[in-house]
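Asker: Letter by letter, the chains look like this.
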Amino acid sequence: MHGDGTGKNQGDDAGGSISLVNAALGGDRPSFERLITIHQEGIFRMVYARMQSRADAEDVVQDVFLSAYRNLASLREPELFKAWLYRIALNRVRDFMRKRKLMSLFGFTSKEADEDYPDPGPDGFDHLAARRFWSRINDFLSSLPPLQREVFRLRFIDDLGIHEIAVALGRNESTVKTHLYRALDKFRTEGSQYGMSPQEES
Amino acid sequence: MSNENKSHLDPERIIASFVDDRGLSPQEREHLSGCPACTAARERLASQLTGLAEQAGRHTPESFRRVVLPAEQPANPLAWIMRWSMGVAAAAATVAIVAALMLGRLFPGGVGEIDQLKLAQETVRDATLLAEVRALENDPLPGAYAEIIPEPGGSLDDEFFDFLIPLDADGDETQRT
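Chains as they are written, first to last, in the working numbering: chain R, 1 to 202; chain Z, 203 to 379.
Chain R extracted, bound-state conformation (with noise of 0.2 Å):
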């Protein structure tokens, strides 16, 4: 899935995806439509892994599609479509999270993660591992400055190439791969204090 790790998988876009991009910035609806089908998935992970909260992530994502919808004319390289979204992913849910600090100043609190399995089988394993899971990821990125934080989660948990990294978080490729060589170092030496059992040695 990662390949080498350099972001050779930065040309998901390519082929179809840009003719699709193209036909979109032309004003043809279906074709943004057929987009949404492509992407949602990815999105509703990217924002879900942030948020862990189906029903807040829903909300982010229509908007997250709505605002692409709209700005698709700012758009100005078809073949970066994805990372572009990812972008506008990850503003709206900063905002969402802003918004949600501040509520829960005044003792609003969002749905808790738990409701996202209401029927988690007969023995409840699924629901159990899913919440080991993220129990365990959150805490090592937790670990992390935020930089690197975002960058590691681009790359391992969302998918992205190194280029489509840079694009989504506005900063050069050298600067990703510096965070991300960083990030990678603490997983290695640090994962198995959060039960990821990171390779020791060569």
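Hints in this document: simulated from the structure, not taken from any laboratory.
Heads up, the beta-carbon is just placed ideally off N, CA and C, and yes, glycines get one too.
Accuracy of the hints is not assured; some may be wrong.
Covered by chain R, per the in silico footprint, the following chain Z stretches (three or more residues, Cβ under 8 Å) [claimed, not checked]: (1) 247-253; (2) 264-274; (3) 329-341.
Assemble the complex: chain R is given as a structure, and chain Z must be docked to it using the hints.
Answerer: Same frame as chain R, but now just chain Z:
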């Protein structure tokens, strides 16, 4: 790197190769491609990280909501008229605002000052009217009559009275009866 053990890439170099294999020197790249131990170490790291994305996908709930775009507005043939009339209304409103602002600049005191000016104008008109009324009280006839009617309070000359009541030779008034 002549010794095979020493030539193994250390963990930092394995990570560096994972971030960007162009960051490795040609010798390191050559070693990595030919050393089963280093390749295996790199693959282990890759599989662990790949596993993260797979687990994240597996433990993300399904989204039930379909993204909905705003409904397309049907083309309205009268839309340009609406736009035109809206433009005119906006222009009129702008002119009204500019006029109000200019009035405000001419009369920094605001509406109160305008009222005072109107009051002063009415006072002047009232004074003019009263002057005309007083003039009519003193002389109600038009000016043309002034030539045949003596001025009010003016004295009639003796010649006129002599014409009306001629005197006799003694200077007494003639008896009409």
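Asker: Take the hints in turn and mark each one as holding or not.
Answerer: Verification of the hints:
no.	hint	verdict
1	247-253	holds (count 5)
2	264-274	holds (count 8)
3	329-341	violated (count 0)
Going through the hint list in order, the structure does not satisfy hint 3, though it satisfies all others.
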